[in-house]
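**Q** One-letter residues, chain by chain:
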Amino acid sequence: MNFDAIVVGGGHAGCEATLSLAKMGFKTLLVSGNLDKIAMMPCNPHIGGSAKGIVVREIDALGGMMGKVADKTLLQMKMLNFSKGPAVRSLRAQGDKVSYPKEMQRLLKEDKNVTFLEDIVEDLIIEDNKITGVILSTGEKISSKCVILTTGTYMKADILVGDTRTRSGPSNTRPSLFLSENLERLGFRLLRLKTGTPPRIQRDTIDFSKTKMEPGDDKLYTFSFDDKPYYKVEDQEPCYLTYTTPETHEIIRKNLNKSSMYGGIKEKLGTGPRYCPSIEDKIVRFADKERHQLFLEPESRYFDDIYVQGFSTSMPRDVQEEMVHSLPGLENAKILRYAYAIEYDAIDSKDLYPSLETKIIENLYTAGQINGTSGYEEAACQGLMAGINAGLKMQGKEPLILKRDEAYIGVLIDDLVTKGVRDPYRLLTSRAEYRLLLRSDNADLRLRKYGYEVGLISKDQYDRLIEKENNINKIINELNDITIKSDKKMNGIEFIKRTENSISDIKDKLSKKYDELELEQAEIQIKYEGYIKKARKEAEKMRKLENKKIPKDIDYDKVPNLASEARVKLKEVRPLSFSQASRISGVNPSDIAILSVYMKRYFDEYK
Amino acid sequence: MNDTIAAISTATGVGAISIVRISGDEAFDIVNKIFDRNIYSFKSNTINYGHIIEGDKIIDEVLVSIFLAPKTYTKEDIIEINSHGGISVTNKILELLLTNGARLAEPGEFTKRAFINGRIDLIEAESVMDLIDAKTESARKMAINGVYGRLSKKINKLRDKALDIVSNIEVNIDYPEYEDIEVMTIEDIKKYSIELNEEIDDLLKTSESGKLIKEGINTVIIGRPNVGKSSLLNRLLDEDKAIVTDIPGTTRDIVEGSIRLNGILINFLDTAGVRKTTNTVEKIGVEKSLSLLEKADLVLLVLNNNEELTNEDRDLLEKTKDKKRIIVVNKSDLDEKLELDLPYVKVSAEKNDIEELLNKINELFKLEDINSGDMTYISNAREVALLKQAKESSENLINALENGIPIDMLEIDIRNIIDSLGEITGESYDNELIDKLFSRFCLGK
Chain A
1 MNFDAIVVGG GHAGCEATLS LAKMGFKTLL VSGNLDKIAM MPCNPHIGGS
51 AKGIVVREID ALGGMMGKVA DKTLLQMKML NFSKGPAVRS LRAQGDKVSY
101 PKEMQRLLKE DKNVTFLEDI VEDLIIEDNK ITGVILSTGE KISSKCVILT
151 TGTYMKADIL VGDTRTRSGP SNTRPSLFLS ENLERLGFRL LRLKTGTPPR
201 IQRDTIDFSK TKMEPGDDKL YTFSFDDKPY YKVEDQEPCY LTYTTPETHE
251 IIRKNLNKSS MYGGIKEKLG TGPRYCPSIE DKIVRFADKE RHQLFLEPES
301 RYFDDIYVQG FSTSMPRDVQ EEMVHSLPGL ENAKILRYAY AIEYDAIDSK
351 DLYPSLETKI IENLYTAGQI NGTSGYEEAA CQGLMAGINA GLKMQGKEPL
401 ILKRDEAYIG VLIDDLVTKG VRDPYRLLTS RAEYRLLLRS DNADLRLRKY
451 GYEVGLISKD QYDRLIEKEN NINKIINELN DITIKSDKKM NGIEFIKRTE
501 NSISDIKDKL SKKYDELELE QAEIQIKYEG YIKKARKEAE KMRKLENKKI
551 PKDIDYDKVP NLASEARVKL KEVRPLSFSQ ASRISGVNPS DIAILSVYMK
601 RYFDEYK
Chain B
1001 MNDTIAAIST ATGVGAISIV RISGDEAFDI VNKIFDRNIY SFKSNTINYG
1051 HIIEGDKIID EVLVSIFLAP KTYTKEDIIE INSHGGISVT NKILELLLTN
1101 GARLAEPGEF TKRAFINGRI DLIEAESVMD LIDAKTESAR KMAINGVYGR
1151 LSKKINKLRD KALDIVSNIE VNIDYPEYED IEVMTIEDIK KYSIELNEEI
1201 DDLLKTSESG KLIKEGINTV IIGRPNVGKS SLLNRLLDED KAIVTDIPGT
1251 TRDIVEGSIR LNGILINFLD TAGVRKTTNT VEKIGVEKSL SLLEKADLVL
1301 LVLNNNEELT NEDRDLLEKT KDKKRIIVVN KSDLDEKLEL DLPYVKVSAE
1351 KNDIEELLNK INELFKLEDI NSGDMTYISN AREVALLKQA KESSENLINA
1401 LENGIPIDML EIDIRNIIDS LGEITGESYD NELIDKLFSR FCLGK
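Residue numbers (my numbering), protein chains in the order written: chain A, 1 to 607; chain B, 1001 to 1445.
One chain only, chain B, in its complex shape:
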């Protein structure tokens, strides 16, 4: 059972340092393969300087903390690699551990091992989780705590509704001869299940806000070359991060930067201008720009106020039409030559006039609402997953109703809804409860 597990233990994102942790019988063997000093020579509970290497190449300058079993968090050998913060370096180190024999830890698996190996009891395990919560932004914690009761109430209300349907069906089944008990007809069930589905959906939508608070809004700035994307980025970040020239195609790689808007992180990604090009390097940049669109929470499509709409612009308008997007017409300080019958915001990166854009982002994501802490939202991955399960069951139910499936079969879907919702609040649990219990922990803890 004890294979060796690894995970990034610090919060994802940019920080001064990141810690990658590895636990298990092979922890030393694996780290030794990617470390430039003899890891076996270090004593337990020491911190040691060295480099993470891949072949001859140095990946990062690191400090490794050595913990020998059994006096460790998991009662297994543990090594913690303290690297320079940064998503790519940290991910690279994790990747090296994984390619050298470690397995990616499941959420909460370190704590689960501590528990399974008998180091901590369940109550301690739960307090560890509280600790994780407490370490996060206090505002967020307060928000979560504040809404938690309301969330349970909402979920319980949904669950009760589903329970009502089931209990009524049950009565009909167990007492089929009694005419004076209200009979739950297919029509009734249909009506209830559509309501239920909508309510689950509403709740699920709030999870998006939860995700925004946690991870921020990934915003891709896209447009054909020289419409002023990099200038816009520099204005948004209020620093000259991207190189700005008059030469179209200056930006070939992705330039990143973040700001806080109403307390929510907005991660901007400036991309290479999209155009047909024969330059290999630029071509790669263009492809990258387009692939980033896929994962973006928000697209800022930049057009030039001073030019007429080109075919490349039209192409981009078409490509982004299903995304959450803001059309940004830049260079508003120059003569208006652009004709567009779509809603857009006007800015001038040159003149530092970007208020309208910021207001639009605010409005689009209702950032003020999120931050006021008024909303009941779900952010925990476990809860979202369970709610999605409930939603899937409720969709199955509606489908089955359409297809004339008999009541006894339908009930499986309703029961699944009840179980999924119940698991969120702890009313019910499924049999693989130990695994479930620990999936509440964030990854790597």
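Chain A with its partners taken away, still in its complex shape:
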């Protein structure tokens, strides 16, 4: 069998990678250990959230599918941080664990360029540091021009519950046993990471009257720029809020040594995510806190599981029973599936170029949790970018590298390849220094043109973007010419700039009825013009250094006077620009200056 591309793993990264390659016209093989579990949501049932919701919109703007599939299947939708301002607003959908994967699988199956294979990849075929195919657990070889590894938590996966360690993927799936060792042999540096998931409770055994209901928003939203809402406000499924009790804390303290993390398992464990600690972690680290919030979230319309967000643990099963029953409303709850922690191998993301191609093996790309990230959205956007860049390379084109002032995706990938990760990486709004530019509302304006250029966005979609852009400009021009009589005469722009006013107050004065989203966009651009300009100015400084390239073959040992830590870090990361170099921790301004002088002296083109 011969393919243009092989995607190893059918999670959120694998799906986007496969679909983008197929859409670009490449014959793509998707290899998964269990074809039924393609696009499943093994942990939290929601998609989006702070920063992540913006990523879903960016994926959609570029031509990825996560947003569209979520729009079609969601149980509940919320716009987070609405009152905190347009730059940090972000959508969060409660997904459906049955219909989401089903819809994604349908899209994959409909594409004639996609072929499926149920197996586990255990090794790679390498010739002259270039990948030419994969070797399956059966020993069978399949060749291709490029390979994208999206192995998620499956490399040497161990499930941890209390003092037991079982080699298995999530939900009793097959792990990959040898792939990570083979990667290490090729020169990749490995990390051992860990993450956890809470217990699932049978819905009708919960007394919801003892909890607080958390409904979806009254306003309808979609992730995708092409969709109209598929759901009705009143049909949304609510979530519920409850709290841990002093009794819960007591149970956890008493049994702490039985948790895998606190002595249940003797050997050193992988590094867990700082932002998503287990409940035992929270109780140890914040000992004086009387209670912790827990959200009870529905997982699907089609089955009964309720996910207890904030309650992930690696306690043994009997302790989990006790813990769950100490929660208000869950006194008689029945646990359908127990909580567990999972440990897995990842590669050091500093071994990647910003295109997500590995520095060690040409035409090999990695995306998702294998790169040390966590979260469906983080995985999906990497899968998309790896797919796009593998495709572009096969077309003989330059890779698409999104900058930090263009997309959260750019921030994420730059952080990965520049700083690397120690614990599973989650996107946060605070990681984006130019987030005023990276808003949920303007993802299409920022990125659709790239999607169109690489062939994932149709002419029709692109024309609609251009029309939207034109209309926004028209609105702004019209507002400039409109005179409003308030306490004094002013034009429409000046009127909207006032805090108490909004564009809807004067939209009747416009020459025609514009789309609500176009009006909103014009309003944001007008109201926050000063701040947006400030952010742009900052971004331009970064761009300047971004354009100052560092040659790939520079020998840092020959650069005199570099601090030794900086030398080590620069050799490790091998930044492509001065901007990237300046973001490496341990590389100080003086090192950058020294490097700049060295380049001036030794490379004519930098004079």
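Derived by calculation from the structure, the hints in this document are not laboratory data. Note that the structure is a prediction, hence the values are computed from the model and not measured. Beta carbons: idealized from backbone N, C-alpha and C, even for Gly. All clues stand as given, with none of them false.
Computed list of lysine-lysine pairs in DSBU-like fashion (alpha-carbon distance at most 30 Å, straight line):
| hint | chain 1 | residue 1 | chain 2 | residue 2 |
| --- | --- | --- | --- | --- |
| 1 | B | K1360 | B | K1346 |
| 2 | B | K1388 | A | K537 |
| 3 | A | K537 | B | K1154 |
| 4 | A | K534 | B | K1391 |
| 5 | A | K544 | B | K1388 |
| 6 | B | K1075 | A | K600 |
| 7 | B | K1161 | B | K1191 |
| 8 | A | K533 | B | K1191 |
| 9 | A | K419 | A | K449 |
| 10 | A | K541 | B | K1157 |
| 11 | B | K1153 | A | K534 |
| 12 | A | K459 | A | K397 |
| 13 | A | K534 | B | K1191 |
| 14 | A | K534 | B | K1205 |
Taking CB as the label site, the calculated pair distances span:
| hint | chain 1 | residue 1 | chain 2 | residue 2 | range |
| --- | --- | --- | --- | --- | --- |
| 15 | B | I1194 | A | E322 | 44 to 52 Å |
| 16 | A | M79 | B | S1167 | 17 to 25 Å |
| 17 | B | I1194 | A | D555 | 50 to 58 Å |
Guided by the hints, dock chain B onto chain A, whose structure is given.
**A** Coordinates of chain B only, in the frame set by chain A:
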């Protein structure tokens, strides 16, 4: 990139000699236009006698030091013009260089060129700066060193405060569903930002002391004619510098002189008496007197004890009311005819009784405090500029809060405060770091 740069390399002020330095490809061409000998005929590393000229006019008798590239400080052609010290001559020479094609060097640009052209490494560049510091008055150096740690501490404290606000906002944004994390409300931010603004302001005020130590207090003596301004100047300087007669309007140009008071330089400028006049020369003098008021750190408004308040006096009282001023009632030895309900000090220049005035200056500028080295002050221009940036951001922040701007936008201002403060201590830096780094050098070095 290599345009030719020039700057005064010696400290500003009066000294025995001043050096104006020019570096770049056109250094020779430019100097040749304003020098009365053939500059091209001189060998490298020689000192040569001649005159700086403007057309036919001789500006000064000078020695020029010739340094041919590449064995020079900047690795470029350098000429150093050693002129007679004096602000006006030195400035004139610099001006001639600039009008003939040189560009005024940015602070630290000579050293930056040395560095960029690969003559010195960064560590050397930094030691050059240390050297500059060491050359200055040892007392000042000690003061600066002594307070430096305290200054960093103060700045870091401010920065931490701003960081606290931001991190709390961030948590609220990234974990919007968590009710049990303290929510940073607009009210909280308002309270913190006002505190922050005040603290930055306090620190900024100390920069004024820093400036006083460095540049002294520019003091303008003003008053209508014949109230005894020139006599007062002569007493203050303890020499007969200004011509004193009974004829009103004797002083028509500015007469300068300096004294040290508690170690701080006080530069006195005696001006023409202000009155309506038809005499053209005197008129120019009067206008000059008034324009000097603008730049003065201190105004000594002199009145005559022996005369009633005139309209001209009232006019001057009005003109100087917003300035830092001391009303000096002179001729206290004569009969008191003046009635004034403003605070003033009484002196008699005639009888050499000026103690009260000196005490008042001391008190007004808290000179003893400054000199005791107890205060944490900022004197470095880079630090002051950054602190002013922080202050601007904190004012923007307060304004934005008043105007109901949402939190995500406000945060830009708070982050700007953090960045500006961080740049002072070196905690953070902006991307144009090479330029920043070298702005720490004093002009012309």
